[in-house]
Each structure stands twice: as structure tokens, then as C-alpha cells.
Amino acid sequence: MPFIRNAWYVAAWDSEVTAEAILSRHILDEKLIFFRQPDGTVTALSGVCPHRYASLSMGRLEDGAVHCGYHGLGFDRTGACVHNPFGAPPKGMRLRSYPVVERFSAIWIWMGEPDAADPALLPDFSFNDPADYCVGQGYLLVQANWELEVENILDLSHIQFLHPTTLGSSEVANGAYEWHQDGEQIWSNRDVYGEMMRPELAGPMGVPSDRPVDRWIHTRWDAPANLAIFAGAVPAGQDRGGAPGTPTGHLFTPATQGSTHYFYSIAFPRSMGPQAEILARTQVDFLKMPFETEDLPMLEEQQRNLAGRSLRDVKLGWLPGDAAGARARNILYARIDAEAATAPSS
Amino acid sequence: MPFIRNAWYVAAWDSEVTAEAILSRHILDEKLIFFRQPDGTVTALSGVCPHRYASLSMGRLEDGAVHCGYHGLGFDRTGACVHNPFGAPPKGMRLRSYPVVERFSAIWIWMGEPDAADPALLPDFSFNDPADYCVGQGYLLVQANWELEVENILDLSHIQFLHPTTLGSSEVANGAYEWHQDGEQIWSNRDVYGEMMRPELAGPMGVPSDRPVDRWIHTRWDAPANLAIFAGAVPAGQDRGGAPGTPTGHLFTPATQGSTHYFYSIAFPRSMGPQAEILARTQVDFLKMPFETEDLPMLEEQQRNLAGRSLRDVKLGWLPGDAAGARARNILYARIDAEAATAPSS
Amino acid sequence: MPFIRNAWYVAAWDSEVTAEAILSRHILDEKLIFFRQPDGTVTALSGVCPHRYASLSMGRLEDGAVHCGYHGLGFDRTGACVHNPFGAPPKGMRLRSYPVVERFSAIWIWMGEPDAADPALLPDFSFNDPADYCVGQGYLLVQANWELEVENILDLSHIQFLHPTTLGSSEVANGAYEWHQDGEQIWSNRDVYGEMMRPELAGPMGVPSDRPVDRWIHTRWDAPANLAIFAGAVPAGQDRGGAPGTPTGHLFTPATQGSTHYFYSIAFPRSMGPQAEILARTQVDFLKMPFETEDLPMLEEQQRNLAGRSLRDVKLGWLPGDAAGARARNILYARIDAEAATAPSS
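Protein chains in written order, with the UniProt record's numbering: chain A, 1 to 346; chain B, 1 to 346; chain C, 1 to 346.
Do not rely on the hints blindly, as some may be mistaken.
Remember, identical chains collapse to one label, so a pair may be satisfied in a single copy or spanning two.
Claimed, not checked - Pairs of lysine to aspartate or glutamate, DMTMM-like flavour, derived with a Cα cap of 20 Å:
1. 91 to 337
2. 91 to 118
3. 31 to 129
4. 315 to 30
5. 91 to 200
6. 31 to 14
7. 31 to 300
8. 91 to 76
9. 288 to 16
10. 31 to 113
Since the hints were made in silico from the structure, they are not lab data. Keep in mind it's a predicted model, so treat the numbers as computed, not measured.
So that you can see chain A by itself, here it is in the shape it has in the complex:
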């Protein structure tokens, strides 16, 4: 299945990209490099030298230009060759540069038509704005197609079965499920009543673990694969009081057809005081366990069982919780088909 190119993807957490080291990362099956200019802005370039196919990640940075580690050619932030140890910089050799925006604690990249790279199209992850929130940042590389990740987060009914001792409980399936589309966004909302929560989960959510609670877990999807979950809990029967819940980010970027970058986060408002920092750090660590030891193996098994096919290629079963994912996939497939229809033949 082709990738959607005209979209914003998270390429890295802001903390991963520096002016001192070159970050190398495959995105939509292309090898890219990332680094910061002396002024702090981020540069994203194709990661292979056009001279002899050397990997530029093996080079070095100098004054905001990357110098190839093989024959010393230097390329600036626009991808133009600006340094040649053996003569004038050749005009014919240049790297492709990619539009990037640094926002919401992340570096976002646009892999499609550069002219279409409008920052206004960025999904709203303002709860990850480092000015207002302490953001715990996590990362996993998962050997599974990105579409499986979208399905996984849009249908959280699985937390009862895949995460029984961490994020789930036996009451999840008895909860209420609702989904709706709001413009291009899809919401997949699960409300669970009368759950007994483990102390590890109840504590940070501010509810007791010795009495039943009511929990809401509301998921928002922006195409292609940028998801947010807003989750909160109150003692059973108590009014929720309009609190939005703690936001977590689940930002997926295809590395290859069979592997996906998973940027996950949990954020607490700085207005909480010093505890926000501590909670961000400890809670993103808490999430790592189920994400890495429960979700990841399941998704990688699905990927192996699909044996090179995408979800679009196969017959799928249907459960009520699949409605939001199915709608998202319809939107995605329409965009893929639209891009294929207008793509220049290469």
C-alpha cells in the first residue's frame, strides 16, 4: 500500500535533534538526516550523498552544513552543495530538503509537495506545547505497518485483554462505546463504569484504588496516524465536572512498509507545579511496559501473519469497536487513491 505523502508526520522528538550530531531515520522508506542550524532551526535532508551513495549520517556538521565522511562534499540547509575540497561546488549534486516545523515538542516533516506544506495543517497537539506542559517523551520502533497502529489505538477495547494487569480491567467490555466524525477528525470514545483500578493506575489518575471508579478514555485521530487519548477517572457515580483528562500522544510515522516509528507522550500542565515534571517522567516510563511488552509483540505478530499484505488486501472480521477504525481507513484509502491519481509517473 502506498504511503500518504502530503501530510505532517512526526520525524523526531525535539530533544532528539541537536546541532552537534546527525540523526539518521528512515521515513516513508527514505533515508533522511536531521540536525539543527546554529540558530536552532531544524534541517531535514535526504541522507545519501549523490556523489557515491555514502550515508551522510557518517559525516560531520560544520556551520549548519553536513559534510560527507567519504570525500568531504558539504551541503547546506537547502541541500545545495556548498563545499568541495577539490574545486568549485558542483551545481548538479544536491540533496533533497524537506519542510519541517518544530511544534508540540516534536519535529514534524512533510514528505510530499513542498508547496503544500502548510503549518496550519498540523494537527492540534497543543497539550504537548512545552511552554505550558511537562511532556514525557517515549519512542519505540515497531516492526509492523502503521495501519495496524492506527487500528490499535482507535479500538481500545483491547486493553481488557492485552493489558489486563496494567491499563485494562474486566469492566472495559461492559462500558459504553461511541464514535463520531468531526470534520476530518474521528473520535472513538469509551466510558467504563464501576471499575476497580490497580493502585499504579489509580494513583496518577487521582482516584482511589479501593473503590469503584468511572473512567473515560476518549481517542482522537488525525490522518494519517496522529492520535491523542484523553483519559480520566472519578469515583463511581460522581460527576466528571468537565475535566478533559490526561492527554497522551500516539504519533505514528511509517519507517518502511513493515516498520513504524511510535512516538508516545504523556503531558501534565506546568500549572501543577514541580509535580508535573515528576509525573511526566514516571508516567511515560509506566506506559513503556505495556506498549513494549504487550502491544508491540501483538502488532509484530499481526504483521507476520499478514505476510506482506495490508489490511486493505485482506478480509477482516467486524466487532462494534471497529467502526471508528473502519471510517479512518476509508478516509486514508481515499487519500492514497487521490495521491496516486495525481502523482507524476516516476
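Could you slot chains B and C onto chain A? The hints should help.
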């Protein structure tokens, strides 16, 4: 080369399948799961959930049904969905179930037309009947096509060269070789005279190691790849007295085109008393060494040298000992062609 | 890209091939075996038994014949089957034998038409003649196509960037570059003036490390991939005096399309006395570091970035130092095309 589907294959030793854990195994390139019902009978089902391609081996067992570890769907012994945490069990989603028979200490599976799965077609491995014999059970997964395994056991002339210090001796090539077909079975018989045997081999065979002995090694093949060897020895020149010899089983089941399950066994009659149990255990351990460190590397090298081709695709040399194997392959190819001619186009 | 078959390739260093053990090595994607006869001459044979595709490297040597470890067939130095434990040696089964020449401390093999295997076509590596030189022998298996290796050695401008702390210096790019073709040979010559050399490099080259030196590094190529570098240095401004420089060999032999045997050497004349032996040993060890930890990773990254394409398939950039390599590639492609035009269809 296509697999033969309408045949009994060993899927597992009886001891491998329990009511407590799910056994996952690839057979004829399909991912299957095996477990026991509360009544002890064995269930074999396709191992991938039709809902979202999760591996059911990551699920759990409850009352003879397997429950998917992703969204909790439960499937009974027939493969029907009988449990859905989110509503009525959907009729459209079901697993494929496979006919199995538990006999001769093994679980046999039929991968072809279920209606044709006649237990009367099981090959006779009554020497592995746990009621009468103590059966030592061994298992190896070999990265080689099953056909190479059939050739290996049907031509035991190799024991002189591949197993010189364990199963073979320098006299094997001087022995007599005879083969014949008996109905659908092929016999490949080797009689060796005047061998000096090592104590490790002579002892369990009940002959001295300090004097020459006469040994018979008679191999029986049932299609596709279920072989028995009956071997015995007497002091040189002495009458064999009609003893059939110690039976070993060599039961091969294709995992994929390039890998094969090797179930091997050695059996001693319970009528021997407590020694039967000890001999079964120690002798199956003794066999592990040559099978794992001598046969396995040779077969895996052959597989690499064939580079994706089957024996049917290549020119082979011819030695007298190849006659039985050649006849077996002709029978196998005829069955493969017959199945291909009648298979529904998929 | 097809291999050039009608050419001499180094198959092994002389010290690697003995009468006691079978050396197994892939060359031009064929599995070959090498061993010595009792008279010391080297035999090269196809490495797969024609009987059942066993690897002959798992066999044993007896009187200059290789005996298969599976069923005992023996093949002599011509590849003819000369031993069959079960009857007369079958005429139809034989191994392919390959012309080999032992010269310049190496075993050279001819993979093409045997009649064309003229030792007069061997490239001149007389500086590796063990009668006159102490030859330090090194070996690496590199996961990169052989063509990348040719380019690497024909354009040594990279030593400034890839080997800054071992073989290079910041003055390399400022040096003079000249290339020319001499018959079928190509020379790529680099002269660097006023370099400060590190003691590790200066010492063995016989120049001071505390004053500038002039260095010459002249590379000679013989098709397909046999290269020599003659390098020397004198105090800056001093006359070179006609000294040829220390010779190093860079002999590349395709193992597969994506992997190459790299035989490298450094030689010192025996006329130097006992120091020649010590220098050969220590200097070949010194070279191992940059070759293994700097060139090899770069070449393997190039190979991955080419993703199955050869340099002939892709657009390349152009720097002045590429002229010699480009000429060499033109000669190579002409030979590949010529062999393809005359090859029997197989």
C-alpha cells in the same frame, strides 16, 4: 514443489499437547494451534484470528475454547466463534478446524479434504503404542525440505560416512542391499556382516563389542514421509531367529518448503520390565547426537546448495542405494500431480 | 550486473590452502573448495557433490582426492569420480575443476573458459613474490559489491576524510592528482606536499613526524579488481630519488553480488634483513584498523543505499578524482558486454 495435503502427518508427540497451554506449530506452511479439551481429546485449529490477524497462540484457553489475546473472541473445538465480549458471537468469523487422531504416541493431522480423513489410512506405528511400549520421543526442527529427509532415511548407506563413530562402521558399504515395494510401502533393507561395533551401540543391541556381529537395518516408508527402521544384531554367523529388531520412528512433517519437523522415537516393549523405560530414555538421547550434529548440518547444507529448488528440479547422481528413494519419489510426485489436477483453483 | 569470468582472481592467500584441510569459499557466486595435492600443487573444484548436493567441505581428503562426507564418493584433482564405496566409480558424476596458478603469495583462479586461462595474463604483483619479499597478508569479507572496492582504491582522495587519523591528513585535497592509462592498466596518482604525518605513519615510511613531508601515493589497476598502491615519502622539498615506494596489494574477488573478498598485503624486500619480516607483520596489522573500521562500514552503507542496484544502474556525481575509476568502469562494462555477447545460452 506443492505439499501433499491428503495424508496423515504427525503434528506433535502426544506429550506436547495439553489442556493448559497452546502449542503453536507451522504445518504445510500454515500456522496452527493445538490444545486438549477437558475430556483429553485434541483440537487443531488455524492459528490466526480472523478478526484482526492476531496470533491465537498469544491467547488463553477456557473450557476447551481458545480466547484471542487481543479482543477476547472465543472459538470452540469446531472453530466456531462462541464468545464475544461485545455482543453476540459473529457467525462469519470462524477458525478452520483440522481432523486429528491421537495414536502411536503421536497427534496425527489431516491437512486435506476433511471428508477423506480416514483413520484407517494411518501408517502402522503400533510399535509406538504406549500401551505396549515405552517410547522415547525426540524432536528436531530441521531447516531442510522434507524430501531430503525421506532420501536420508531410505538410503542408510550414509551411516558409514556421516556417522562413523556412532551408528556406522567401515563394513556398511560391504553389506547387502535389497529393496522392494509392498503395496504402497517401500522397504529398503541393509544387512551388514562381520562388523565390529562400538560398546555404546553394541550394548543396547545386546551383542558383544569385542567380536564381529551381523546387523540388519530394515527401513519402511509410508507416504509422504513416515519411516520406521527395524534394526538388530547377532554374533557373526548366528541365526537371527526371526527377531524384528528394535524399532525407531522417523516421522517427518513439512513446516515450510525449507523446514521440516523431525519426530524421532525408539521403543522398547513394556514386557521387558523396568529396563524398557530406562532404555527408551537413554537410547533416544543417544540418537540425538548423530541426528542433531551429523544429519542436520548435512541436510541444511544440501538445502542451501539446492537454493530453492526441489530434488525434482535438479539432475541427481545415481548410486545403487538410491533405488528405494527414487521409487518413493515417483510415488510422491504422482500424488502431488494428482492433487494438483483435482484441486479447486484458489 | 554479471561477473567477468575470463580473468584471474585471487581465490586465497597461499598460506590458506593446505593438504590437510578443505578450504570452502564462494567465488562469483559459486561454492568452491580448495586443497593441496601431496606434491603441493593446488586443486580447485566445485564444492557441491553431484550425487545429492552435499557440501564437499564437509568431506575429507585422501591422497589428493576429496571424499564426500555423505556417501563416500571420491573425486580426484581433475574432478573425476575415482572412488565409489558401492561399486565402480560412475563416469557421469564429476566435479568441475578450475585452472589455478600459485604466484605472488596467492592462489589465482580462472572462472571462465579453461582454454583461455593463460598465466601470462596474470597481473604483475611481483612485489609479493615470497622469494624476494616478506609479505604481510590480510583478509576481510566485505558485504559490498566489488565495483565499490575498485572505486574506493582508485580514488584515494577519501583518505583525508575517511581516514583522518591514520592514513590521511588535511593536505590530501591540496595535492596533485594525475591519471593515465597504460595499455590495459590504469594509474591514479596522488602527490601531496608539505604534510605533517603522525608518527605511526611516518615511522614505517622512514620520514620524520615533526617536519613536513612530501608523499606520493600511486595506484595501479588491473582488471577486474586487482590493485596495487606504491606509496612513499621524503622530507618536504627533497628529491624522491626514483624510489618506487612501499607496495601494498588490494586484490578483490567477488564472493556474491553483494559481498567481496578483500585480500590486502604489504611487502618489504628481504634485502632489508630481519626487519622486513617484522615490518610486514606489524604494518599489515596497522592497515587492518582503517580497512576494517573505516572503509568496510562505509562500503557496506553504500551497498545498502544502492539497494540491489549496481553503479552502472544509477546516476553518479562527478569529482575530479573520479576520472580513473570512470575509465576503469568503462573498460569493465565493455568486457562484461563482450562476455555476454559470446556466452553460450544456459
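Identify every previously stated hint that the structure contradicts and give their numbers, smallest first.
Violated: hints 1, 2, 3 and 5.
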